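Visitor: Each chain, letter by letter, is given below.
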Amino acid sequence: MRRNTGSHRSGAVVLAAVAALGAGLLSGCADDGDDGSAGSSGGGDSKGKTVVTVGTYGVMGFKQAGLYDEYTKLHPDIKIEENVIDPASNYYPQLLTHLGSGSGLADIQAVEVGNINEVTTTQAGKFVDLSKAEGVKKENFLDWKWAQATAKDGKTIGLGTDVGPMAICYRKDLFQQAGLPADRDAVSELWAGDWQKYLDAGKDYAKKAPGGAAFLDSAGGLFNAAVSGSSEVYYDKSGKPIYKDGPAVKKAWKLATDASASKLSAGLQEFTKPWQQALANGKFATVSCPAWMLGQIKEYAGDKYKGKWDVAAAPQPANWGGSFLSVPQAAKNKDEAVKLATWLTAPEQQAKLFEKQASFPSAQAAYDLPQVADAKLPYFDNAPIGKIFSQAAKDSPTQILGPKDAVIKQNFTDVGLLQVEQQGKSADEGWKAAIKTNDNALDQ
Amino acid sequence: MTAPSGFTPDTAAPPAGQGGAAPRAATAPAPDPAEQRRRDRRSRRYRWDVRWSPYAFVAPFFVFFAAFGLFPLLYTGWASLHQVELTDPTHMEWAGWHNFSRLWEDEFFWKALRNTFTIGVISTVPQLMMALGIAHLLNYRLRASMFFRVAILTPYATSVAAATLVFALLFGRDYGMVNWSLGLVGLDGIDWQNGTWTSQIAVSTIVIWRWTGYNALIYLAAMQAVPNDLYESAALDGASRWKQFLHVTVPSLRPTILFTVVVSTIGATQLFGEPLLFNTAGTATGGADHQYQTLGLYMYEQGWVNLHLGRASAIAWTMFLILLLIAAANALFARRLRKSQ
Chain D
1 MRRNTGSHRS
11 GAVVLAAVAA
21 LGAGLLSGCA
31 DDGDDGSAGS
41 SGGGDSKGKT
51 VVTVGTYGVM
61 GFKQAGLYDE
71 YTKLHPDIKI
81 EENVIDPASN
91 YYPQLLTHLG
101 SGSGLADIQA
111 VEVGNINEVT
121 TTQAGKFVDL
131 SKAEGVKKEN
141 FLDWKWAQAT
151 AKDGKTIGLG
161 TDVGPMAICY
171 RKDLFQQAGL
181 PADRDAVSEL
191 WAGDWQKYLD
201 AGKDYAKKAP
211 GGAAFLDSAG
221 GLFNAAVSGS
231 SEVYYDKSGK
241 PIYKDGPAVK
251 KAWKLATDAS
261 ASKLSAGLQE
271 FTKPWQQALA
281 NGKFATVSCP
291 AWMLGQIKEY
301 AGDKYKGKWD
311 VAAAPQPANW
321 GGSFLSVPQA
331 AKNKDEAVKL
341 ATWLTAPEQQ
351 AKLFEKQASF
361 PSAQAAYDLP
371 QVADAKLPYF
381 DNAPIGKIFS
391 QAAKDSPTQI
401 LGPKDAVIKQ
411 NFTDVGLLQV
421 EQQGKSADEG
431 WKAAIKTNDN
441 ALDQ
Chain C
1001 MTAPSGFTPD
1011 TAAPPAGQGG
1021 AAPRAATAPA
1031 PDPAEQRRRD
1041 RRSRRYRWDV
1051 RWSPYAFVAP
1061 FFVFFAAFGL
1071 FPLLYTGWAS
1081 LHQVELTDPT
1091 HMEWAGWHNF
1101 SRLWEDEFFW
1111 KALRNTFTIG
1121 VISTVPQLMM
1131 ALGIAHLLNY
1141 RLRASMFFRV
1151 AILTPYATSV
1161 AAATLVFALL
1171 FGRDYGMVNW
1181 SLGLVGLDGI
1191 DWQNGTWTSQ
1201 IAVSTIVIWR
1211 WTGYNALIYL
1221 AAMQAVPNDL
1231 YESAALDGAS
1241 RWKQFLHVTV
1251 PSLRPTILFT
1261 VVVSTIGATQ
1271 LFGEPLLFNT
1281 AGTATGGADH
1291 QYQTLGLYMY
1301 EQGWVNLHLG
1311 RASAIAWTMF
1321 LILLLIAAAN
1331 ALFARRLRKS
1341 Q
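In the order they appear, the protein sequences are chains D and C.
FYI, the numbering used here numbers position 291 of the first sequence as 291, with every residue one higher than the one before it.
FYI, the numbering used here numbers position 163 of the second sequence as 1163, with every residue one higher than the one before it.
I should point out that these hints are in silico values taken from the structure, not numbers from a laboratory.
Just so it is clear, the structure is predicted and the values come from calculations on it, not from any experiment.
Incorrect hints may have been included.
Among the chain D residues that face chain C by a calculated CB cut under 10 angstroms, a handful are [stated by the list, open to error]:
| no. | residue |
| --- | --- |
| 1 | Asp69 |
| 2 | Glu70 |
| 3 | Tyr71 |
| 4 | Leu74 |
| 5 | Ile78 |
| 6 | Gln269 |
| 7 | Lys273 |
| 8 | Gln419 |
The beta-carbon is built from N, C-alpha and C at its ideal position, and this holds for glycine as well.
Kindly produce the complete structure, drawing on both the sequences and the hints.
Guide: What follows is the structure, encoded as structure tokens:
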């Protein structure tokens, strides 16, 4: 009898423990969900401050440039928390899931340009119309940037942060040794107006190819740079996908595969470890260079190549990449979030972000501010990057975006061109593979 | 001669009034109804305890399983019959068997299935053989045997992500350590990522590295349960160590081997993290030519990159059905094995 009660009691203890554990697990899950919207109870922390959360992918640089600190100094009752999701490829599906369920969202969510069209066309109802927000001035932004986040009914759901105006970064010393002009104006002149001229210069370069360095890093990079100078790329004006026979895609494909066939390309895949290592070892002389690429070069090429890289204008003005800030309707602190997003994307703040983080402003009003207009980068032999990139940004055509831009682009570079460059397939085989993968991706 | 009944009390029947249990009850303390109820309750509780407690103890698992296992499984099945996009997951459009029939003609699916199979074979077979060998060695009397046992388990304790990222570096084309070592012995470097076989071998290497120790420990535990007499008599019969291993150890381990084969097969069918992270670009294509894209990875690409949740669900269910088939084949095989013994 005694034994029995004993086991009975210990049974109860175990049961209680299991229940506690289960409760712990459940609340653990619940915590996760709440993370994105800290302070669901009115959005205040213990000190009574309002916590505004910002969900981003990768390094957007607001924190690093001290903008959060500055904002909280101006608004002492606000606290800003940033949730970064890395790698960026995990960010977008999670954002969609959270939008679908209406929970777990941060007060401000960043959106990448490759996804902005899909968000604008399919999720517009779930975001705040920022065009009506106090202090937001449409004319501050580049026209095409503003248009990218504006839905058919005129609702603007994202405020532009950075853009990726195109230039060409090149190794001055290698150009000199190869007998090409090395001065940045002369280099810009060398290929002005046509990407084909860029390849021709490459053929001249390849005759000497100093130090065994290839002319450019990757066919994929060249492809992306070349397509982003056209207004219709993967979709036409009516929203129909034209990746199979769009002139911009075909032309860029030919350029990229020609570069590969004539051995101008180092055959790398951009942003991978081998690409970074090749930068560190000086294995290529040029790279298609949207503004955000400068940071990559500086970081991976390192001190060894300081002053040897320079920046010239791209053959055609183009834009590759960029981001937006948006505020979901389900945000806990919608009003404060709108205020913060407005402030972060105002020209003055974008100029500061450019100065500290080299994220190029999408607010054209910032281009005349001294931080941008007079900007020079010592690493790139004091290239006047402010001037070069603002010119490219202003001259870029309004790109027509489509919902699956990011996926289509990736399949062209990481399937099609990579097969040509790294698996010895012909240009034709690579094209077929890219089209087939894209057909499969877009098929409902 | 008759005696008066009064004189023969011994033989006389006891008076009715004093027979039965009643007089004893009268001498015992009167029954307390409250105590009685308590006793009843206790015995009832005891009966319930014995009867229902086991269910209560296993309930948490089943509750969690229902919430996080069964429900998703059924919901995935339901979703697989619809066209659902991640951009609007609540909007489901009936599609019938389209998602499944589409897979039938989907060359990427067949490629992923083939890759899953080949990677499964080249990772599972060497893995289990090596595990058996290692377990056999560890079964000898060794100095610091505990150290070795813990050491072989450490790969299992590392995260897939960490291990895979390191292996992706080791298998790098230009600056990887594997190619560097090949260069030392005068061989040309191999572009591990881009070849079909080379990439699959590289991915399998990661799997083998992570799981061999785990399986070795399971084998070791089973080996220690093999009675020593068997070895002694085998030794008396003049069997060498190798013969003992072949004819005593392996047959005794048969059920364990079957178990590890099943577990490894399930793991191989669901292989995902290694091929995803082995791609240094971090994309879900499994290489430029999908050369090492597994079913799990293809499901991920369809669901979370291309955002077709319905189709991803169909792939998930197909994987589940494949596993059921494997389980059935395995059960058949196991029964055969038992009968032959």
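Visitor: Should the interface hint for glutamine 269 of chain D be scored as holding, given a Cβ-Cβ cut-off of 10 angstroms against chain C?
Guide: holds (5 angstroms)
Visitor: Double-check lysine 273 of chain D for me: the hint is only fine if its C-beta lies closer than 10 angstroms to a C-beta in chain C.
Guide: Interface hint status for lysine 273 of chain D: holds (5 angstroms vs cutoff 10 angstroms).
Visitor: For the hint on glutamine 419 of chain D, does the least C-beta distance to chain C fall short of 10 angstroms?
Guide: This interface hint holds because 5 angstroms falls under the 10 angstroms limit.
Visitor: Restraint: tyrosine 71 of chain D near chain C, CB-CB cut 10 angstroms. Satisfied or not?
Guide: This hint is violated: tyrosine 71 of chain D lies away from chain C, its Cβ roughly 32 angstroms from the closest one there, beyond 10 angstroms.
Visitor: Is the interface hint satisfied for leucine 74 of chain D? The criterion is a beta-carbon contact with chain C at less than 10 angstroms.
Guide: It is violated, given that the least Cβ distance between leucine 74 of chain D and chain C is near 37 angstroms, above 10 angstroms.
Visitor: Please verify that hint: glutamate 70 of chain D, Cβ, nearest Cβ of chain C, below 10 angstroms or not.
Guide: Violated: closest Cβ of chain C sits about 33 angstroms from glutamate 70 of chain D, beyond 10 angstroms.
Visitor: Using the nearest Cβ pair, does aspartate 69 of chain D come within less than 10 angstroms of chain C?
Guide: Result: violated, 32 angstroms to nearest chain C Cβ.
Visitor: Going by Cβ atoms only, is isoleucine 78 of chain D closer than 10 angstroms to chain C?
Guide: violated (32 angstroms)
Comparing the model with each earlier hint shows violations of hints 1, 2, 3, 4 and 5; every other hint is respected.
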